[in-house]
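K.L.:
Sequence:
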Amino acid sequence: EHDSQHKLRRHYVIAKGDRRQAYHQVPVHGDDYDVLYVRLRNPITGTWNFFQHLTLPFGSKASMLQYTRLARALVAIMRAEFKCLAFSYVDDYFSLCDKDQAALCYQIFIRLNELLGFEVKREKSLEPSAEGKLLGILVRIDDDSITLDTCPDRAKRLTKTIDDHLHSA
Numbered sequence: 027e028h029d030s031q032h033k034l035r036r037h038y039v040i041a042k043g044d045r046r047q048a049y050h051q052v053p054v055h056g057d058d059y060d061v062l063y064v065r066l067r068n069p070i071t072g073t074w075n076f077f078q079h080l081t082l083p084f085g086s087k088a089s090m091l092q093y094t095r096l097a098r099a100l101v102a103i104m105r106a107e108f109k110c111l112a113f114s115y116v117d118d119y120f121s122l123c124d125k126d127q128a129a130l131c132y133q134i135f136i137r138l139n140e141l142l143g144f145e146v147k148r149e150k151s152l153e154p155s156a157e158g159k160l161l162g163i164l165v166r167i168d169d170d171s172i173t174l175d176t177c178p179d180r181a182k183r184l185t186k187t188i189d190d191h192l193h194s195a
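Numbering follows the working numbering, with no gaps: position 25 of the sequence shown is 51.
Think of the hints as simulated: they come from the structure by calculation, not from any bench.
Treat the hints with care, since some could be wrong.
Unchecked claim - 30 angstroms max Cα-Cα, derived BS3-like pairs, lysine-lysine:
{"hint": "1", "residue 1": "Lys125", "residue 2": "Lys147"}
{"hint": "2", "residue 1": "Lys159", "residue 2": "Lys147"}
{"hint": "3", "residue 1": "Lys125", "residue 2": "Lys87"}
To be verified - With beta-carbon atoms standing in for the labels, derived distance ranges:
{"hint": "4", "residue 1": "Gly56", "residue 2": "His193", "range": "40 to 48 angstroms"}
{"hint": "5", "residue 1": "Glu145", "residue 2": "His37", "range": "38 to 46 angstroms"}
{"hint": "6", "residue 1": "Asn68", "residue 2": "Lys182", "range": "21 to 29 angstroms"}
{"hint": "7", "residue 1": "Gln92", "residue 2": "Ser171", "range": "34 to 42 angstroms"}
{"hint": "8", "residue 1": "His193", "residue 2": "Pro53", "range": "48 to 56 angstroms"}
All C-beta atoms, glycine included, are put in the ideal place defined by N, C-alpha and C.
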């Protein structure tokens, strides 16, 4: 390989962002409050108590749909306005960036969330790196390849589950 070709090759890294209490950061319009009541019976007193959601309720299929629409909008902004190669899975956001631009791309994600009023869970996020864990998969990016592997703990659990089923049959 010619030296000039090697110097022109881009070196990519990955980054991950995670929103804190994703659904609970998305407010619901006041006109919809009447359909967001939950009624629970107190087992000791027998009285009924009511709770009203003011944000997207966790566990609702409609909440998942609406939250995914919001996530896709954020990814579209990052792609169109900032030229960051970004994608999402529910409340996890990922980017693949040239090593020289990765820190800026990651900061754009953080700042854009702040501007929109969302808090990013820094302890679950992954700053730009050549390797990391994304959705339970170990990812490593080298100059000429990308390696995907199962996390050792997950592999052990899967192997045990398979062995248990094979021995119980």
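K.L.:
A separate judgement is required for each hint: does it hold in the structure or not?
P.N.:
Verification of the hints:
{"no.": "1", "hint": "Lys125 to Lys147", "result": "holds, 23 angstroms"}
{"no.": "2", "hint": "Lys159 to Lys147", "result": "holds, 15 angstroms"}
{"no.": "3", "hint": "Lys125 to Lys87", "result": "violated, 38 angstroms"}
{"no.": "4", "hint": "Gly56 to His193: 40 to 48 angstroms", "result": "violated, 57 angstroms"}
{"no.": "5", "hint": "Glu145 to His37: 38 to 46 angstroms", "result": "violated, 31 angstroms"}
{"no.": "6", "hint": "Asn68 to Lys182: 21 to 29 angstroms", "result": "violated, 43 angstroms"}
{"no.": "7", "hint": "Gln92 to Ser171: 34 to 42 angstroms", "result": "holds, 38 angstroms"}
{"no.": "8", "hint": "His193 to Pro53: 48 to 56 angstroms", "result": "holds, 51 angstroms"}
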